[in-house]
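Go ahead and model the full structure; you've got the sequences and the hints to work with.
Sequences listed follow chains V and F, in order.
If you're matching positions, the first sequence starts at 3 in the numbering used here and goes up one per residue.
If you're matching positions, the second sequence starts at 3 in the numbering used here and goes up one per residue.
FYI, nobody ran anything at the bench for these hints, they're computed from the structure.
Source: prediction; values computed, not measured.
Keep in mind that the hints are not guaranteed to be accurate.
Partial pick of chain F residues on the chain V-facing surface, computed with a CB cut under 10 angstroms [to be verified]:
1. K48
2. L138
3. Q303
4. S412
5. D474
6. Y533
7. Q568
Which residues of chain F face chain V? A few of them, derived with a C-beta cut under 7 angstroms, are [stated by the list, open to error]:
8. E265
9. R267
10. E470
11. T531
Where is the CB? At the ideal position from N, CA and C, for every residue including glycine.
What follows is each chain in one-letter form.
There are 2 protein chains.
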Amino acid sequence: NAQGEDVVAGIRTPQPINRRQKASPQEVSLEEAMPEVYKELEHYCKVLERHFRDMQDVEFTIQRGKLFILQTRSGKRTGLAALRIAVDMVTEGLIDEEEALMRIEPEQLNQLLRPVFDPEEKEKARKEGRVVAKGLPAGPGATSGHVVFFPSEVEERTAKGEEVILVRVETSPEDIRGMSAAQGILTARGGMTSHAALVARQMGKVCVVGCEALRIDYKNRHLEVNGRLIREGDYISIDGSTGEVILGKLKTRPSEVLEVLVEKRLKPEESQSYQIYHKLMQWADRKRKLRVRVNADRPEQASLALALGAEGIGLCRTEHMFFEGERIYAMREMIIAQDPESRREALDKLLPMQREDFKAIFRVMRDLPVTIRTLDPPLHEFLPHSDDEIAQVAERMGISFDELKAKVESLREANPMLGHRGCRLGIVYPEITRMQARAIFEAACEVKLEEGIEVHPEIMIPLVGHVEELRDQRRIVDEVAKEVFARYGVEVPYKVGTMIEIPRGALTADEIAQQAEFFSFGTNDLTQTTYGISRDDVGKFLRAYVEKGIWDFDPFVKLDTKGVGQLMMLAVEKGREVRADLKVGICGEHGGEPSSVKFCHSIGLDYVSCSPLRIPIAKLAAAQAAIEENGKK
Amino acid sequence: NAQGEDVVAGIRTPQPINRRQKASPQEVSLEEAMPEVYKELEHYCKVLERHFRDMQDVEFTIQRGKLFILQTRSGKRTGLAALRIAVDMVTEGLIDEEEALMRIEPEQLNQLLRPVFDPEEKEKARKEGRVVAKGLPAGPGATSGHVVFFPSEVEERTAKGEEVILVRVETSPEDIRGMSAAQGILTARGGMTSHAALVARQMGKVCVVGCEALRIDYKNRHLEVNGRLIREGDYISIDGSTGEVILGKLKTRPSEVLEVLVEKRLKPEESQSYQIYHKLMQWADRKRKLRVRVNADRPEQASLALALGAEGIGLCRTEHMFFEGERIYAMREMIIAQDPESRREALDKLLPMQREDFKAIFRVMRDLPVTIRTLDPPLHEFLPHSDDEIAQVAERMGISFDELKAKVESLREANPMLGHRGCRLGIVYPEITRMQARAIFEAACEVKLEEGIEVHPEIMIPLVGHVEELRDQRRIVDEVAKEVFARYGVEVPYKVGTMIEIPRGALTADEIAQQAEFFSFGTNDLTQTTYGISRDDVGKFLRAYVEKGIWDFDPFVKLDTKGVGQLMMLAVEKGREVRADLKVGICGEHGGEPSSVKFCHSIGLDYVSCSPLRIPIAKLAAAQAAIEENGKK
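Right, here's the structure in full:
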């Protein structure tokens with residue numbers, strides 16, 4: 003028989019206890035070999051489980067047919083097993099729903115939601131030495147595709163029905179379209195909060211980042227990894243739950259939960275894991291007080307989120323809408339416009355496209371609130387950067403290279419994160435805010451009139467640090483609303499609020515709340531500014547900080563309750579002093595991280611907003627927070 | 003005689019009242035022309051002045067030898083006159099010292115401190131007709147330089163060591179960097195509160211505004227003034243205390259106050275303005291509670307500051323010490339070092355140089371506290387950037403272009419302001435902090451042993467946002483101190499403290515105070531992070547913010563008491579809860595701005611620290627704050 007040390011070291015493969023566990027008919031289980039001893043073992047295990055009210059890891063030995071129980075402790079459960087055990091124990095009356103909810107690590111729900119590689123295929127790949135590298139598991143799930151190095155080429159290939167893995171040293175906002183079209187994203191650099199990781203989680207893409215073994219050669223369009231050469235077009239597979247990079251193509255399976263909820267290829271009663279998921283979510287929904295919204299920019303994300311129980315959109319970014327297809331050119335015309343008149347002309351081209359985007363989202367979300375953020379990134383993100391690209395774009399736009407180059411130069415910033423972005427754009431170029439407000443209200447009026455949908459848009463002004471910024475932008479939004487409602491002869495209830503994402507916003511929340519009907523904490527930027535640390539640059543010292551124990555955790559992953567959280571508390575307090583019914587939420591990445599969700603509960607937020615597949619995780623965390631508050635642990 | 007309207011419009015030049023005012027013997031004064039009326043006028047003026055307890059602007063008319071007093075009001079005083087009047091009125095017993103102090107705008111002290119043109123040279127220029135125009139005296143002082151019309155070109159020229167006068171029709175926030183680099187600023191339009199005037203005063207730049215005689219032709223890069231053509235690159239001189247614009251270059255002399263205090267070319271009794279200055283400072287010193295320190299990195303700055311009454315150094319930046327001469331090469335060796343060993347070797351070359359720097363400063367400051375900040379800027383600031391420079395430096399360092407280029411690339415940051423700098427450097431490279439601590443303590447021990455000076459170094463760790471950062475750096479400093487004291491057989495009292503310059507530092511001040519013996523607010527960075535605004539990029543939207551009334555003032559010039567100030571208050575409170583005797587100061591540029599100094603007084607700071615020539619201004623503001631607090635206004 004296998005002895006403990008050997009099993010742990012992986013030298014011996016343990017033998018099965020009972021018939022159910024047998025992997026092949028050749029194996030002989032304890033149940034078959036020593037039925038008496040097996041029965042005795044089964045009995046003691048039940049006693050122990052009942053006593054400790056938890057699944058037990060029982061160590062035992064059998065000497066000359068006699069059973070000795072050596073040790074017992076609460077079992078380490080991974081994935082599905084843990085969930086099944088918790089639900090089973092409720093069914094068996096061993097624990098109640100609350101206790102079941104408390105026993106699950108919210109992140110374990112990922113196992114129910116993400117696609118996985120076919121286990122046999124993966125084992126085969128491992129045996130053949132095709133698992134060639136390991137990076138950080140930044141977007142759970144599993145996928146295969148052709149290697150493509152240039153985001154611009156991803157769409158061409160996917161348009162032809164190809165599956166593509168985008169492989170980059172690192173990604174940047176210009177790559178969004180390629181990232182969105184790709185099946186998966188693999189980068190050589192960057193941590194769990196790098197651009198690639200954040201966008202992938204937001205998009206629900208399989209993603210492995212910081213895979214430092216990759217030597218990417220853009221020029222020759224190939225990459226080398228531990229002595230193996232992978233050319234553009236070769237198939238690779240990435241497992242975003244483990245970080246593994248595998249040569250060749252592997253079959254995947256969607257999670258059963260999504261097969262039931264979204265694909266509808268399985269019936270609820272056909273899937274055990276769906277039933278577990280469903281029960282857990284029912285219980286969580288009964289306990290939690292926090293509402294859970296989704297960060298979604300596209301109708302299909304919104305649909306997925308609704309299937310997973312989203313109660314609204316907490317963050318609909320509008321900038322992604324400007325990158326797609328022809329729009330980027332209208333956007334660029336707007337940027338190089340010399341005066342408000344030609345800027346308005348360019349914006350007029352964008353208006354109908356943006357209006358259709360909003361209509362599509364409103365149709366999915368129906369009467370649920372949809373929080374739309376006005377344009378946020380600095381304008382230089384929409385312009386080309388290399389001389390080659392500038393030349394290309396200039397020709398396409400019918401302007402000279404020098405003119406475009408000069409514009410690119412003039413928009414360059416020393417610290418773009420702290421630059422001309424957020425509401426600072428809408429203040430300098432009120433035409434932009436006006437166009438966006440018009441697109442939102444026209445879309446709302448049209449779906450109401452044409453389809454009878456009562457939408458609830460909430461317009462969110464980003465990066466506000468001074469009440470006058472919000473007053474300025476709010477005035478534009480209100481004016482446009484009035485004008486559009488008069489034109490359509492119909493009214494749509496709407497709110498205007500702000501992101502609280504820079505310290506001064508939190509510190510002067512009492513003033514800002516006079517102009518804001520809601521606050522939404524943008525904890526990504528709030529963490530950057532509160533720490534004075536750029537997320538793009540933290541990699542240079544993060545390792546030393548963690549190794550030396552200066553930080554217990556990465557504040558970009560888990561909310562820093564002491565510093566950032568203190569500002570949040572202050573803002574909630576000051577805001578509600580002025581406006582008792584102020585709605586307050588969070589739409590930073592932390593909104594889907596369990597410990598951060600619990601903190602949000604504790605300071606009285608109304609909702610958290612996160613990427614679609616993290617909704618169940620946030621719900622569970624919210625339920626746990628409510629249960630903990632009631633003192634039942 | 004000149005009538006009111008004509009005088010104001012500048013059409014008639016008024017005639018002198020008495021002999022003293024006569025500009026030339028040809029003029030006839032009232033005193034000479036109508037001695038009776040003059041005596042009568044003198045009498046009533048005294049009565050009025052005594053009654054209103056302030057200098058009066060008296061409007062009168064004389065009809066057929068009879069004096070009519072038409073109107074009287076408190077006089078508008080500029081510069082030296084205001085100071086003299088205030089001091090005189092104390093001497094005459096009309097007002098007391100406090101009232102005199104309260105009547106002076108602290109910025110007016112600039113009149114006493116800024117350089118003037120050599121009187122002989124100026125007289126010569128006048129005779130030669132080179133005084134070609136007169137504008138408003140917006141930034142006191144006198145300077146000469148090459149005419150440059152475009153702010154972007156100012157930096158290029160000053161980088162080559164040229165003196166430059168920036169000449170514009172008017173200035174706007176985008177021009178800030180050019181204005182900062184120029185010796186002086188001259189504009190054709192704008193009043194005493196125009197952008198150019200405000201910025202120049204804050205920066206301590208010589209400035210003449212509203213010089214309407216200038217006809218500036220940007221396209222042909224020349225200007226015409228009263229028939230004289232001045233081309234770009236020609237020398238001009240501007241007197242910011244009188245508003246005069248003079249062709250050619252003129253020698254300048256330090257102000258009389260500095261001639262007495264620093265140059266010692268004048269005796270106190272020989273200078274009226276020194277006597278005024280001295281009296282005001284005596285009074286201010288008696289009233290103020292805030293101590294005033296200087297931001298100084300070099301012995302000569304420290305000497306100047308001492309002469310102006312500095313009570314210590316509040317900020318001695320050490321990075322300047324790494325740029326000079328050969329040092330930059332040792333610094334670069336340190337940066338490209340592949341391992342701690344070679345990094346230490348490079349640092350060993352810097353150690354003796356840095357130690358000598360500190361000894362020189364300690365010798366000047368003697369027993370006054372000297373706050374030394376450890377290395378702050380990101381390392382890429384020490385490396386070349388263009389390919390040409392990289393090639394040159396690589397050759398000089400005996401490494402390949404590619405190696406150096408790769409290093410430059412690897413250190414590049416998306417947001418340097420939020421990047422790998424401040425204590426984050428010392429944490430990743432503890433050798434740097436160790437070398438700097440060693441240089442400080444060895445210098446302190448040596449001047450003590452060799453020269454009997456009891457120095458008081460205060461080691462300041464920058465950019466702390468988490469107590470563990472400070473604990474880490476403090477441990478190194480304490481270890482080095484112990485080792486050096488043992489080696490020299492002598493001890494030097496020292497303190498270790500931190501800058502509070504990112505919001506998290508302020509928010510967790512209670513934790514940080516456990517490791518810090520003092521705090522110094524770095525309000526430049528604290529303003530950037532609290533607002534989420536990069537000072538280098540704010541130009542892109544500052545104009546719109548000011549025009550639209552979103553900001554009442556530029557928070558980089560005047561402390562934002564509502565947001566940034568709230569964090570400061572919080573930090574003082576939390577810090578002193580933990581450590582009652584915590585010393586707290588400010589070393590950002592706000593430390594020399596009067597309204598900010600008053601705020602610092604109100605929240606209980608121990609000292610402000612500013613550039614040398616702002617020390618008297620800070621002292622006066624501090625005295626006013628103390629007087630205001632006592633309710634005497």
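Now the hints, each set against the structure:
1. K48: Violated. Min distance 49 angstroms.
2. L138: Violated. Min distance 30 angstroms.
3. Q303: Check failed: Cβ of Q303 of chain F comes no nearer than 27 angstroms to chain V, outside 10 angstroms.
4. S412: holds, 9 angstroms
5. D474: With a closest approach of 6 angstroms, the D474 of chain F hint holds.
6. Y533: Since the shortest Cβ distance to chain V is 5 angstroms, the answer is holds.
7. Q568: This interface hint holds because 5 angstroms falls under the 10 angstroms limit.
8. E265: At about 39 angstroms, which exceeds the 7 angstroms cut-off, the nearest Cβ of chain V leaves the hint on E265 of chain F violated.
9. R267: violated, 43 angstroms
10. E470: Interface hint status for E470 of chain F: holds (4 angstroms vs cutoff 7 angstroms).
11. T531: Because about 5 angstroms separates T531 of chain F from the closest Cβ in chain V, which is inside the 7 angstroms limit, the hint holds.
Hint check: violations occur at hints 1, 2, 3, 8, 9; the rest are consistent with the structure.
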